[in-house]
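Asks: Here the protein sequences come in this chain order: P and U.
If you use numbering that gives the first Met the number 0, the first sequence corresponds to residues 0 to 168, in order.
If you use numbering that gives the first Met the number 0, the second sequence corresponds to residues 0 to 436, in order.
Source of the hints: derived by calculation from the structure; they are not laboratory data.
The reader is advised that the hints may include incorrect statements.
[What the hints assert, rightly or not] Far from chain P, some chain U residues (derived; all Cβ distances over 12 Å):
#1 Pro-206
#2 Leu-324
#3 Gln-432
[Claimed, not checked] Residues from chain U shown here face chain P by an in silico Cβ test under 7 Å; the list is partial:
#4 Pro-52
#5 Ala-279
#6 Ala-283
#7 Ser-284
[Claimed, not checked] List of simulated lysine to any residue pairs, SDA-like, C-alpha gap at most 25 Å:
#8 Lys-125(U) with Ser-70(P)
#9 Lys-125(U) with Asp-223(U)
#10 Lys-125(U) with Ile-329(U)
#11 Lys-125(U) with Ile-74(P)
#12 Lys-355(U) with Gln-4(U)
#13 Lys-125(U) with Thr-71(P)
#14 Lys-138(U) with Gly-208(U)
#15 Lys-125(U) with Ala-104(P)
The C-beta atom is built at its ideal place from N, Cα and C for all residues, glycine as well.
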Amino acid sequence: MKPWLDVQVARISSYLIAIAAISSLLMMLHVSTDLASRFILGTQIEGTIEIVSAYYMVSLVFFPLAAIDRSTGHISADVFTNLMSRRVRWLSLMFVDVIILICMAALVWFSAREAYLRTLDGEMWRSGEFLIPVWLSRWFVPIGSAGMFLTVLLRLCSGGRRAAAPAHH
Amino acid sequence: MTNYQIGLAGIAVLLTFIGLGMPIAVALFVVSVGGIFFIRGWDAAFGSIGSMPFDLSASWTLSAVPMFFLMGAFAFNSGMTISVYRVLRMWFWWVPGGLAIATNMAGTAFGVISGSSVAVTAVMAKIAIPEMLQRRYDKALATAVVAASGTIDALIPPSIIIIIYGIETEASITALFLAGIIPGLLTALIYSIMIVVRCKLNPALAPVGERDFTVAERREATRDSWPLPVLFAGIFIGIYSGVMTPTEAGAASAALAFIIAMVRRQMSLPVLWRSLVESASASASIFFIFIGAALFARFMSMSGVPSYLGNIVTEYSPSPMAFVLIISAIIILLGMFLEGIGILLIVVPIILPICKQLNIDLVWIGMLVIKLIMVGLLHPPIGLQAFVVKSVVGDTVPLMTIFRGLLWFLAAEVVIVGLMIVFPDITLWLPRQFGHH
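Can you build the whole structure from these sequences, using the hints too?
Replies: Structural data, given as structure tokens:
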């Protein structure tokens, strides 16, 4: 059961980071095209700032969270944990994982509630004469956070494997 | 408990959580939400969790970060980094400690194209250290120069840490970019002088090598290193002519790096995908901390800790210089166990109001803080850069030898930081020439 779950969570985290990677490419293309259009044609692509901010950026911030947690880990200081005995370190990292889990659960819950309310409102941002729907990207926050929640939950269920892994920065 | 006592307790809990190995972003998040709960109650604490992460990440200004990361990843993964080192070693082979100087200069030049000093240090450690050791360079010098020169890129534009500082303080990113150039070059220069003087006085440190290339090969290698000046010119002209925002300059440079790699036939699907994933991961890691730090800044502001500390500072040491020295000592201490951007995002919300109160120039103090953070990556007992080098060289060079070599660079840093404090124009002259201040 656990290997199957692990494979599924790994798959979800790799899909999520793939979306973030594509967002990064799209952002480069979109902004460069906008810039070229401004210099060559003298006009800008309407909504560039709004789409970059609300879609590419939010996707880039939240979708890679699970994959980062699974691979190198989020930026942390390992100085003191490396000095601990194996048992104490295991306990310390289990405690840390429980806190992360609570933190991500809160983030999923409150950001999903916010996204739901904004969806009901049909949130839009104005860009010149256009209205750009933004409610959709509100869901990126709970989705990305849920990916990390699942990753940490799975790790906790399998007895805190991170404690045995080599320290990282 | 008064509000500032809650704030001070929050800082203590934050440092404890970080010490327990909690990701810095999560520690900032948890402590801030807890602190706001104690000060303002449930609604204020949890109300901000719902909307703040989206509101902070949906930022046009912040989008410069992933674009410069992407440019660095393209340049790095397509091999532009290595070609720069190769050409520099061909030009500096005759100087005492020539390979060490070339490594140092390469570290500075990589500032233009690198997204991560750790990644560049790791690659330089793989390329430059074996060659220096093969030519019987002193192990301490060979390893330390790679570790130290990897930190110079934080000051050379476009630097991610400078962008983050600019967003945190609302200081002009263009002015900050300009402000970093002279301290960055000064660091490279003082490192180089120190290396040459040491090698001149003690030739056993770096035996003069034999020339192992022809003039035609050097000409060819120099021609081959054209992407770096082209990228630098693109960024410089784009930002300083005022026609591009930092985000646009970042996107244009990433596109330029991509096109250059295509022209040089160094771009493939795996290179493209690796670059995209690397830049997405690096950006998200930093943004996650950024969101936690924004919550922390709100908590600090509610607790009144910055104004409380500001009052203490003005009461006991009215001189801004004394404050700067205290801050320098705190950053050096934090550098013993925290990573660079983490230090920046924790320290800035606390010191920013005090700096404003004492009329300290935000561009100048920013460069000083970033410089000190980089020094923190070099000094014992932690010195992240030393560990990066150690992880590459393995058992060939003991950690203590790397730190012994770094002591010389730390001595050079004392001179550089001293000069930056005593002569603020080192930092502020260039921005002034471009009409800032």
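Asks: Each hint: holds or not?
Replies: The hints, checked one at a time:
1. Pro-206: Since the minimum Cβ distance to chain P is about 35 Å, Pro-206(U) lies beyond 12 Å and the statement holds.
2. Leu-324: holds (25 Å)
3. Gln-432: holds (26 Å)
4. Pro-52: holds (5 Å)
5. Ala-279: Status holds, d = 4 Å.
6. Ala-283: With a closest approach of 4 Å, the Ala-283(U) hint holds.
7. Ser-284: holds (5 Å)
8. Lys-125(U) with Ser-70(P): holds (22 Å)
9. Lys-125(U) with Asp-223(U): Satisfied, since the Cα-Cα distance of roughly 21 Å is no more than 25 Å.
10. Lys-125(U) with Ile-329(U): violated (33 Å)
11. Lys-125(U) with Ile-74(P): holds (24 Å)
12. Lys-355(U) with Gln-4(U): holds (23 Å)
13. Lys-125(U) with Thr-71(P): holds (20 Å)
14. Lys-138(U) with Gly-208(U): holds (16 Å)
15. Lys-125(U) with Ala-104(P): violated (42 Å)
Hint check: violations occur at hints 10 and 15; the rest are consistent with the structure.
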